[in-house]
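Novice: Line by line, the protein sequences give chains A and B.
Numbering-wise, the working numbering comes out as the position in the first sequence, counting from 1, plus 83.
Numbering-wise, the working numbering comes out as the position in the second sequence, counting from 1, plus 2.
Don't read these hints as lab results, they were simulated from the structure.
It should be emphasised that the depicted structure is a prediction, and the values quoted were computed from it without experimental measurement.
Using N, Cα and C, we set each Cβ at its ideal position, and we do this for glycine too.
Watch out, some of these pointers could steer you wrong.
Claimed, not checked - Looking from chain B toward chain A, a few residues come up when the C-beta cut is under 7 Å (computed):
| # | residue |
| --- | --- |
| 1 | Val53 |
| 2 | Ile60 |
| 3 | Thr131 |
| 4 | Tyr163 |
| 5 | Ile190 |
| 6 | Val237 |
| 7 | Ala241 |
| 8 | Pro245 |
| 9 | Thr395 |
| 10 | Asn396 |
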Amino acid sequence: MDIVRKERAERSIAVSNGGYAQLTADVLAHAKQCGATEADIVVADGETFSVQVRVGAVDRLTKAREKQLGLRVFVGKRSATTSTSDFSKASLDRLVSETCTLARAVVEDPVSGLPEATQLDSDRPDLDLYDETVLGAETQIDWAKRGESAAFSADSRITNSEGAEFDSSSGQVVLANSHGFVGSYQSSSFSLSVSPIATEIGTGAMQRDAWYEVQHKFARLASAESIGQEAARRAVRRLGARRVATNRVPVVFDQATAGSLLANLCSAVSGYGLYKRASFLLDQLGQIVASDRVTVYDDGRMVGGLGSRPFDGEGLATRKNTIVERGVLTSYLLDTYSGKKLGLSSTGNASRSVGESPSVGPTNFYLVPGVKTPAEIVGSVKEGLYLTEVIGFGINMVTGDYSRGACGFWIENGELTFPVEEITIAGNLRQMLRDIELVGNDLAFRGRIASPTLKISEMMVAGN
Amino acid sequence: MADHVQLATFGITELEVQHALDRLNVRDVEYADLYFESRISESVSMEEGLVKRAAKSISQGVGVRATAGEKTGFAYSDELTKKDLEIAADTARYIARSHKGDRAVPLPTQRRPTRDLYPIERAKADVATPERVALLNEIDAAARRYDSRIKNVMASFNTEYKVVAVATSDGVLVGDVQPLSRLQITCIAEENGNRQVGSFGGGGRVGFEFYRDQNRHLNYAQEAAREAILNLSAVDAPAGAMPVVLAGGWPGILLHEAIGHGLEADFNRKKTSAFSSLIGKRVASDVCTIVDDGTLPYRRGSLNMDDEGTPTGRTTLIERGILRGYITDKLNARLMGIALTGNGRRESYQSVVLPRMTNTFMLAGNLDPHDIIRSVKKGLYAVSFGGGQVDITNGKFVFSASEAYLIEDGKVTKPVKGATLIGNGPEILTKVSMVGHDLKLDNGIGTCGKDGQSVPVGVGLPTIKIDEITVGGTQG
């Protein structure tokens, strides 16, 4: 309806890229004059438009355009990082000299520095991250309204809503360094989330839940109706939830909660936690850390992937790394710095937020699916928990101790019987990874980290 | 006349502000505001005995908002020219579907902030980097000196210097300078392959001298080291429902999660909170009185004014167990027809205003904390916590202990490993049977997240006893 194609998008981006190419070159040259021996610079800019609808009416429209520049300089083996949103010449000149002064104030770190020039990325695959579709306000409002309305129509117990939100954004990242590397890529994002509230007839007790989807390409989004219906199904099925008795039982993690478990694994293999001796997977490379049903990849080159990018936060080519192969830890996630600290090479996982020095982050980090359907996995449990949500921060990455608030469904004789809440699940991540007994066939990416349904043979469930 | 709002910081004039407000003030728009913000954030951090990293960020921008009924139009920009203000204003008023300014706006009156809760000289807050480096080096030495089993010390010192100016269609033009700093320390202890972590920190709207005063920085270091060493001998935590005694101070995170969020006006206007129809009803035992107070000098959660220019205040949330009130921003106070409490806050110019807590705490009772512990035959004594989270709609909340002990026959005995506690917000405070005389506020480390926005907050608690709450340990 009011979807417009930006015909001249390519050209206008090329022009603005050219502008940043000059700007980044100027800043790097100035840094050198100020005494920097090496430097890199990242520029990110973008536009976002967000629509929130609640109970059928527009609640909030948000529109913005923003830009930010991050600078990292090395004066010998000392370094500092700065950022600004003011791109005026005077502001950037001041930033460069302040950054060099700041670097001189910290101690030498023998390991610090840019990656070697020979390591820098040269191939630039098209990873299909950008969609030039520009949606008008009316289209986004319509999507959000249809999503929320589908949730209300799906079940009479959906009585209220925290709303539905449709966001679109697009932007570009430019990275340049004093070795002569200059790279840039564009990406876009379209997402719809619907958050309905269900009310139990009689008691008036309420339950919320939500469903969402996010894609680089507008055309790949599932229908607003299907997202709204799934959100309603999830909220309604929680009605009547209760506690269960404290007991040690098998726990089946659904896609979402299994994804959170995989995110814990991802933190544990991050180079920064490892060299600081703050990970429960310290010194475990080449050893068995999980059951032999577990294979995990991190793939930065997955076409259309939500975590894909052609080069990492230091300009190294991204790639597909095998992190765990049939239970054996085969690789950490590393950037140049954390790699050197551990005597290893970068895995192309430098993650750069504009105002900070690089750290490590996943690209598309996932557990390879097995063959069992989720129903077959639930069917294998005589008595246990089907886990659909975990809340809180009860994870100790140093020891692996794990204790979180939980809700889900009680399994009896292989069937989901009633919803449960106000319980905790507890164990230790080291043991939990070894206790993964079954892996589902239902891998689906709804973010950068994804897992199919998993069954853990036994955990402590605390209730009344 | 002195410029109380530092518009010059943003390179704009009062006239330009007035023009932008005129543009926003169209038919159907009931309220509009402009929020100018300039922020300088600095950090230095240490690990492995080396202060290796220093960072500084500068950001500046304006957020422009118009509300009509329940609708909000919002735009923001990091450019502050007249043209950018106009574009943002036109975007924001899109919500009201009017096309031009057709109503006169009252000229905003420049207001002086009503008080200064954090009078810090810029020069004091902005000490040279080498002084910060020296502070971190002393911390490293103190933590390692505490015990030779401390194998790594990570510390960071962060400061933020924020200047804001708010111009509103209801006639307010007011500014504030908001300093904020925080020192955070994490120690790793190792013994025979057993590795444990301990953390401690503090801060507030205070200058650098605060950390050296009374050797606070060294005390923080020793506390972090002590917790790490203590955890070397921690046993598995118990699982199941049991009595829990919470120590004073940071365990007040209980109040923040269990009732604070549920009493934010937006959830109650939308009737999505488990507390929605409970005003005037009993939600706690009669020993519980709980307030939110943004006026405590130098506190992390304090503000001279909220981000809509309303002076902050002290709001009674629960009085002797009875739910008294919500915390509000302008939009929700107007739509609900209730009092404005000065709790309209935003993370930055890039985010919308939401009702948020400031410093939330329970008033002291009259019991001796030792008597409270003595009253428990078998339970948990929790002294320090990591984070917490709540589901507003069903009221279920969690918070995770990082330092806790068993209570056996009225005595504090073995340290236990961290465990998550889970309860139901509208119910949990009815199980508070004892309140100590030792009210303590936390040290200034809290950051609250809501709708993706983080704001600094404080909490506080005297020692209390909860007769029953579920503890998520591993030992049945």
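Novice: All hints, please: hold or fail.
Specialist: Hints, verified against the model:
1. Val53: Given a least distance of 5 Å, the restraint on Val53 of chain B holds.
2. Ile60: This interface hint holds because 4 Å falls under the 7 Å limit.
3. Thr131: holds, 4 Å
4. Tyr163: Violated: closest Cβ of chain A sits about 14 Å from Tyr163 of chain B, beyond 7 Å.
5. Ile190: holds, 6 Å
6. Val237: violated, 12 Å
7. Ala241: For Ala241 of chain B, the interface hint holds, since the closest Cβ of chain A sits about 4 Å away, which is under 7 Å.
8. Pro245: This interface hint is violated because 14 Å lies over the 7 Å limit.
9. Thr395: holds, 4 Å
10. Asn396: holds, 5 Å
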